[in-house]
Amino acid sequence: MWSIIDGKEKVEKLYNGILPDLESIYIHEFTIITGEDIELDIRFDIKDMPKDMPSKWIERKINTVQFVFGFLSVKFIEFNIDEDFKKECILKSEKIAIDKNKITIISSEGKVELSFLSKWSYIKSMSGYQQD
Numbered sequence: 005m006w007s008i009i010d011g012k013e014k015v016e017k018l019y020n021g022i023l024p025d026l027e028s029i030y031i032h033e034f035t036i037i038t039g040e041d042i043e044l045d046i047r048f049d050i051k052d053m054p055k056d057m058p059s060k061w062i063e064r065k066i067n068t069v070q071f072v073f074g075f076l077s078v079k080f081i082e083f084n085i086d087e088d089f090k091k092e093c094i095l096k097s098e099k100i101a102i103d104k105n106k107i108t109i110i111s112s113e114g115k116v117e118l119s120f121l122s123k124w125s126y127i128k129s130m131s132g133y134q135q136d
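In my numbering, the protein residues as written are 5 to 136.
Because the hints were derived from the structure by calculation, they are not lab data. Keep in mind that the hints are not guaranteed to be accurate.
Claimed, not checked - The calculated label-pair distances, taken between Cβ atoms and stated as ranges, are:
no.	residue 1	residue 2	range
1	Ile62	Gly39	17 to 27 Å
2	Lys128	Ser59	35 to 45 Å
3	Gly39	Glu113	14 to 24 Å
4	Lys65	Lys14	39 to 49 Å
5	Asn84	Met57	33 to 43 Å
6	Asp56	Lys79	32 to 42 Å
7	Lys123	Leu23	16 to 26 Å
8	Ser59	Lys123	16 to 26 Å
9	Pro58	Lys128	31 to 41 Å
10	Leu121	Asp25	20 to 30 Å
11	Asp56	His32	22 to 32 Å
Said to hold, decoys possible - Within a straight-line C-alpha distance of at most 30 Å, the following computed DSS-like cross-link-like pairs (lysine-lysine) qualify:
no.	residue 1	residue 2
12	Lys65	Lys79
13	Lys123	Lys60
14	Lys99	Lys55
15	Lys106	Lys17
16	Lys106	Lys14
17	Lys79	Lys14
18	Lys14	Lys104
19	Lys60	Lys106
20	Lys128	Lys104
21	Lys65	Lys106
22	Lys17	Lys60
On a predicted model such as this, the values are computed, not experimentally measured, just so you know. Every residue, glycine too, gets a C-beta built ideally from N, C-alpha and C.
Hey, can you work out the whole structure from these sequences and the hints?
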């Protein structure tokens, strides 16, 4: 799943060599940047917490890990996000499936919400926060 994502070494270090699942994610935001090459950023939370959390995270009672994945030279295949948006999140209980350079976001009902090709995929940011 993580095979095409650049920068996963930081995640592997945080999770002691085992990359977390990209299932049951909570997507907050899609950002599309137009230009010569279309860019797409996806900001989302995952449920899996590291077993050995950094001391700062323990002190701050961090209970959620948030990522922003960046995708460059995006070609959209399907875009099926509709009026079912929630105020605080776009998609809940989703899965990100990655197959070579094709990325698909699937709803908990198995519906393809977003599918696209990307020439380059990377982690823009990774952080922890306390979710109420």
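So, going through the hints one by one against the coordinates:
Isoleucine 62 and glycine 39 have their C-beta atoms about 41 Å apart, which leaves the hinted 17 to 27 Å range violated. The given range of 35 to 45 Å is broken by lysine 128 and serine 59, whose C-beta atoms sit roughly 25 Å from each other. A hinted range of 14 to 24 Å is violated for the C-beta pair glycine 39 and glutamate 113, which are about 34 Å apart. In this structure, lysine 65 and lysine 14 break the distance hint of 39 to 49 Å, their C-beta atoms being roughly 22 Å apart.
In this structure the supplied range 33 to 43 Å holds for asparagine 84 paired with methionine 57, their Cβ-Cβ distance being about 36 Å. Taken as a hint, the range 32 to 42 Å holds for the pair aspartate 56 and lysine 79, whose Cβ atoms sit roughly 39 Å apart. Lysine 123 and leucine 23 have their C-beta atoms about 22 Å apart, which keeps the hinted 16 to 26 Å range intact. Remark: the range hint 16 to 26 Å for serine 59 to lysine 123 is contradicted by a beta-carbon distance near 38 Å.
With their beta carbons about 20 Å apart, proline 58 and lysine 128 fall outside the hinted range of 31 to 41 Å. The hinted window of 20 to 30 Å between leucine 121 and aspartate 25 holds, with their beta carbons roughly 23 Å apart. Remark: the range hint 22 to 32 Å for aspartate 56 to histidine 32 is upheld by a beta-carbon distance near 26 Å. The suggested pairing of lysine 65 with lysine 79 is violated, with an alpha-carbon distance near 39 Å, which exceeds 30 Å.
A distance of roughly 35 Å separates the Cα atoms of lysine 123 and lysine 60; the hinted pair therefore is violated under the 30 Å criterion. Proposed proximity of lysine 99 and lysine 55 is supported: the alpha carbons are some 22 Å apart, at most 30 Å. At roughly 26 Å between alpha-carbon atoms, lysine 106 and lysine 17 fall within 30 Å of each other, so this suggested pair holds. Our distance criterion of 30 Å between C-alpha atoms is met by lysine 106 and lysine 14, whose separation comes to about 23 Å.
Pair hint lysine 79 plus lysine 14 holds up; C-alpha atoms about 27 Å apart against a cutoff of 30 Å. The suggested pairing of lysine 14 with lysine 104 holds, with an alpha-carbon distance near 21 Å, which does not exceed 30 Å. Pair hint lysine 60 plus lysine 106 does not hold up; C-alpha atoms about 36 Å apart against a cutoff of 30 Å. Using a Cα cut-off of 30 Å, the hinted pair lysine 128 and lysine 104 holds, with the two alpha carbons roughly 19 Å apart.
The suggested pairing of lysine 65 with lysine 106 is violated, with an alpha-carbon distance near 36 Å, which exceeds 30 Å. At roughly 16 Å between alpha-carbon atoms, lysine 17 and lysine 60 fall within 30 Å of each other, so this suggested pair holds.
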